[in-house]
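Mind docking chain B on chain A? Use the hints.
Given next are the chains, with one letter for each unit.
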Amino acid sequence: MSLISNLKPGGKHGVPSTENRDPIGYLVAGLNRLAQSDLLDKVGLRKQTEQVVFNVTRTGFKTMTSASRTFSKAGKKGQPGTRPASAPSTGVFDLTPTEDEQMLVDLVVEFAEEVVRPAASAADAACAAPDELLKASLEIGLPILGLPEELGGVSEERSAMAGTLVAEALAKGDMGLAVATLAPGSVATALGLWGTDAQQQTYLPAFTGDEVPAAALALNEATVLFDVLNPKTTATKNADGYVLNGTKSLVVRGESAELFIVGASLDGKPVLFLVESSTKGLSVGGDPAMGVRAASMTTLNLEDVQVPADAVLGETDGSTYTECVRLSRLAWCALSLGTGQAVLDYVTPYVKEREAFGEPIAHRQSVAFMVANIAIELQAMRLLTYRAASRAAAGKDFSKEVALARRLCTEKGMQIGNDGVQLLGGHGFVKEHPVERWYRDLRAIGIMEGTVLV
Amino acid sequence: MAINLEVPRKHRALIDQAHQVAMNMLRPISRKYDIAEHEYPKELDVLAAMIDGLSESGASEGAGATGVRRDDIVDDKTVKNGANLASVTSVAEMCWGDVGLMLSFPRQGLGNSAIASVANDEQMKRFEGKWASMAITEPAFGSDSAQVSTTAVLDGDEYVINGEKIFVTSGERSDCIVVWATLDKSLGRAAIKSFVVEKGTPGVKVERLEEKLGIRASDTAVITFTDARVPKENLMGSPEINVEQGFAGAMATFDNTRPLVAAMAVGCARASLDLTRDLLKQAGVEIDYDRPAYLQHAAAAKFLQLEADWEGARLLTLQAAWMADNRKPNSLEASMAKAKAGRVGSDVTLSCVELCSSIGYSETELLEKWARDSKILDIFEGTQQIQQLIVARRVLNLSSAELK
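Sequence lines, in order, name chains A and B. Using our numbering, the letters of the first sequence correspond one by one to residues 732 to 1185. Using our numbering, the letters of the second sequence correspond one by one to residues 7 to 410.
Extracted from the complex, chain A is given alone in its bound form (with noise of 0.2 Å):
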């Protein structure tokens, strides 16, 4: 491998390419090439120091072998499957979560407090959730959430609503724990309301026993201004079905997952396609990010991947795909408003115990202002997802609605997160505090798309 071409400038180690390096330039990078090679290690001239579970897949893309199990086939092809009722609508302002969903919102905020939050920190250095953890999160029943009694789930009607307020409950113990607990079940949600019924009757069984399988929903693509509705991801129709080439990012579990929801472009449309573990053409690599990092996140590469005609997921004009779209960045605005919430509570009492030149900082209005804005905001973005969520419960349009609530939750989200790191000072950029890891987390707003749905 030529160094030089390794050195060169463009977008690697966030070099811009209009950056020129000179000789020394080329000298130094040279030098630290071989300060990070093994050969100091080998001949002992660094302390070994101990990494990462992660870096398993960090380093490179490895052939998906994960204990993929074959799903058997069943079910009728080609016809509809069954499809949750639209919640009815009454007509009437209410901002009271019905007696239903209040008892499964009580349920996972325990959940959350104590199961989630005490194990946030090691999962996100882990890049990884604890088995355990996840097994819980079984228990209450979270992959099954989103389905209709009728498929084996819980819930007598469409549950977007219900949804919503489970993952904000989630996302108030952690954000990375919470999609990676949601991941499958959003999987399950989507076979729900677009599988046909075979696809419902080959799948969902998976979700509703005992052992579920890892899902994900792979929107996601490492594109500058990516454009989710327009995948460079490809499909191509063939004798057999449908080719599939491209990468996917961000994928949440990819390493574990038995199932696959890929988005491609199929004749210029974007459309959703399932795809097993098993098929061949597969390959993930380490993908960890800023934060969200409990989620495990990982390339998902398609080369050449055959998938049988049966595997579009909905239709293929867009609509499924584009539905798909809004009820994922729905579930990211929930996800906010927990980590938002989270954030506030943390530094409420935590201001007004830290003492600065004689009293609390909290007597000085350029603190307290910052704590009632993020209280405001906070709100604001809640009330704008729940009449999102709402809709989407009703059968409504909700496309506008959606788009506003992730405009703001993107931006106010992300204020939040920064001031909350502000309002500790530098006891909010050091990991004894979880601020810093919710600053990371709250970026993702407004980036993430598909991998959770509600």
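Among the clues, some could well be false.
Now the stretches of chain A that chain B is said to cover, found in silico as 3 or more residues with beta-carbon under 8 Å [what the hints assert, rightly or not]: (1) 1092-1098; (2) 1112-1125; (3) 1134-1142.
The set of hints was computed from the structure by calculation and includes no laboratory data. Virtual Cβ for every residue (Gly too), placed ideally from N, Cα, C.
Frame of chain A; chain B shown alone:
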């Protein structure tokens, strides 16, 4: 019970009606009274008659300045969409027409809201049908309303009022004035009471009308009180000076009026958004709600941000009114709504002027006017900073002595 943030089905007819009035009655005279400041908008008398008619027929759902009274609410454990929600939605609609004119609606003054909030039944009856303005601010103070220096001294069966009030909206046109005065300045907030003073009372004089940045259709008066005598029955609430309770009585009005002012900002800002969306479309810029904002025209991306903020202000306002309808304490939410709507009102209207270039800035369109009108909404009934102070004290659970 289920979460639903759509405008109540039963209020939709009322809102449609308000919209038609705003579009066909207020908009055509909007610029006229912006230019002819201090001239009485005589067209509004017809409108007032219409509003009274609606109110009698019950079609108004109790909306209006007096719709904020809470005693009328029956608690039968069901979720209510009542007069508070109807009021904020119809006020927003009217302010989509014109804020200044809306503030000049006969018998719909902030004083009327104050009377509805704190008057007893006898007073309610006595002042029914009167147009009441509100006089709190004095030359020496604004936000710090505990500094009231206008005095009320009991003399026989009458209180004798002395002092000077400024920024009295509809001060010249109203039939009576709700005046904040202190019974004993040494006793602080607790001694501040509100009095209904009828116009024509000897010693009450409108000194002058202000020339303003915006809401020029609405008159803003300086009023002096020189030994003005009012019956002691005109004191609203209890005449007792309860140091424990402090300011609570007088401040209760704000829980009801702040969502109304937030609604004014929401309505005014929507006027700007609606026109700007249309003008941008004519210029070839359409807002796509599904595509990422950064892949669209910068103007579309900006518009999305404005609309998202505006929607936040609107829903916070509805929330505060809904809580009032359902007898939930809403001081925090009322201030949140006012804070968000106040700043969003300015940001939206000013940004829309910029987005529309010289069409936005020129008097040929109303965008520049809305950008002037909106400013007051982040000031009166408690400035942005006062709302933040209230929210901060509530969220942090700090007293006014701790968080000054």
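Review point. Do at least three Cβ atoms from the segment 1092-1098 of chain A come closer than 8 Å to Cβ atoms of chain B?
Key: Coverage by chain B holds for the segment 1092-1098 of chain A (3 residues, Cβ < 8 Å).
* Within 8 Å of chain B (C-beta), three or more residues of the segment 1112-1125 of chain A -> holds (count 9)
### Within 8 Å of chain B (C-beta), three or more residues of the segment 1134-1142 of chain A
holds (count 6)
Every hint, counting from the list given before, is met by this structure.
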